[in-house]
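**Q** Sequence:
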Amino acid sequence: MSDLNTAGPVDFKAIFEAAPDAVVVHDLNNCVLFWNQAAEELYGWSAEEIHGRPITRILYLDRNEREEAMTVLKNGGMWQRELRQLDRNGDEYLVLVRQHLQRCVDGLPQAIVSFNTDVTEQRKLADAQERAHHVRSSSILAGGVAHELNNALAPIMLSSAMLRRSVEGEKAQSMVSMIEKCATKGAALIADLLAFERGKGGGNEIIRVTQIKRGILRACEELVGESIKLQVNINEDLWECRGELSEICSVFQYVIQNACEAMPDGGELTIDVQNRLYDENFENLAPEAKAGAYISFVFTDTGTGIAPEALAHVAEPFFTTKAPTQGFGFGLSNTQATIKGHKGFMVIESRCGVGTSVSIFLPADADSALKVDHVEPYRDPKSGEGELVLVADDEMFVRETIKRTLEDRGYQVIAAQDGTEALAIYSSRLQDIDMVVTNIEMPYMDGPALCRALKKLNPEVKILVSSGHKQAERVQAIQSCGVKEFLAKPYTADSLADRVYSILAGESSQPA
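Those letters in the sequence shown? Residues 1 to 512, by the UniProt record's numbering.
The hints are simulated quantities; they were obtained by calculation from the structure and are not laboratory data. Heads up, a few of these hints could be off.
[Said to hold, decoys possible] Calculated lysine-lysine pairs in the DSS-like style (CA-CA distance at most 30 Å, straight line):
hint : residue 1 : residue 2
1    : Lys340    : Lys290
2    : Lys171    : Lys181
3    : Lys343    : Lys185
4    : Lys124    : Lys290
5    : Lys484    : Lys403
6    : Lys124    : Lys456
7    : Lys343    : Lys290
8    : Lys456    : Lys229
9    : Lys229    : Lys484
10   : Lys403    : Lys124
11   : Lys171    : Lys185
12   : Lys213    : Lys229
13   : Lys462    : Lys403
14   : Lys484    : Lys456
15   : Lys213    : Lys13
16   : Lys484    : Lys455
17   : Lys213    : Lys290
18   : Lys343    : Lys213
19   : Lys13     : Lys74
20   : Lys185    : Lys340
21   : Lys456    : Lys403
22   : Lys455    : Lys403
23   : Lys343    : Lys124
Throw the hints in and build the complete structure from the sequences for me.
**A** This is the structure:
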């Protein structure tokens, strides 16, 4: 006890610096006062860069959440919430934020201390486990119901055949036919229930790239209309897998059909089939995921998307967002059953109004995968190949975020802090610069003026214009000089990289 009494004053700064959580201290004007090493690692900014900056600009906290937090804190409580926050690269994280109010010796509020923990992966895994448990429970229930229905339906199907031979007359025969049709429909429903419970057989035949390619292209020919832009990428050196080809082709048909139905007014459907060699980090993707060699099938549409409350239930039997006349709701549950029977798994990601991505992972045949001496590391198809991009934005954080985002994805980047600097750089390196990314609102020379000047220097220059809010007259001025590509803030790192990639590749894109 004497050792404690003789100890010097507690160094709270050193304690905060050593904390495993991101510790952020800001004053009542929301300016950052302290930022520990864990905060640097989580958000990407150093303490020197962030000191004195508004916390709201960095972490994009909602105004209502800030007001709610201050009310709780001033009443002596601790405010705690899971918030979606962005790091320096624009990547989104789910962060558990716990805030406390620090008071002066006279009791007046002085600063707010936040302990922030990245819970993104834990939440994903917990949600996936909860969905898997729910699906297993539904599977057990479906199996029990199916067995009981089988017992009730079997005598009907057997008796109808005997009844047909014993009755005469067109009306009686018609009634027997109706009984047989209804019983057959019920039997098909029971088969779907049992398939969902057990998973479909899977088979053991070798399935090769030519068969996979044929199955996908045939489904596309039958289902994809002219209003949908289709892109199919299939690795010509695809590994083999084992299973039942007809069942796998049924999966292709259902997923493609669903994607097309989600785009009644047209859109884009991209199908990407590749070899994937995953390490133990892959096991966080889903409860069924195991490290090893897989063939990945990714179907991405730009359709209506799936509401978050429906996404957790889409693979359950009897669940459907379609009209009652369009099916029992077994399409996706049977698709999952087929994949399960092939010892694979499925991941669905969707956003309302943006689209849906269905990723299917099937284990590669061991002999086929072992033939490959070296597997190239996965390269994001939306990455650059050293193209030089000029970025013009007067806001330092935005400018640096864009620069790092594009550099991380394989581009070279030159940054300019306003339009005049950007024009000077472009005129001196006109032959080297492949593309310009600029903001609409900048001092000295704004976006429209910069676009006009760039077009005079090079009518073929590729330009992407971004803005937090589009002003009609400025947008019109930019469009009048031939610039059609816009990207609304805030945007994710992926959406920025996708748009830059598309423009450089010469692909048309819709303004965002």
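**Q** Looking at the structure, which of the earlier hints fail to hold?
**A** 6, 8, 15
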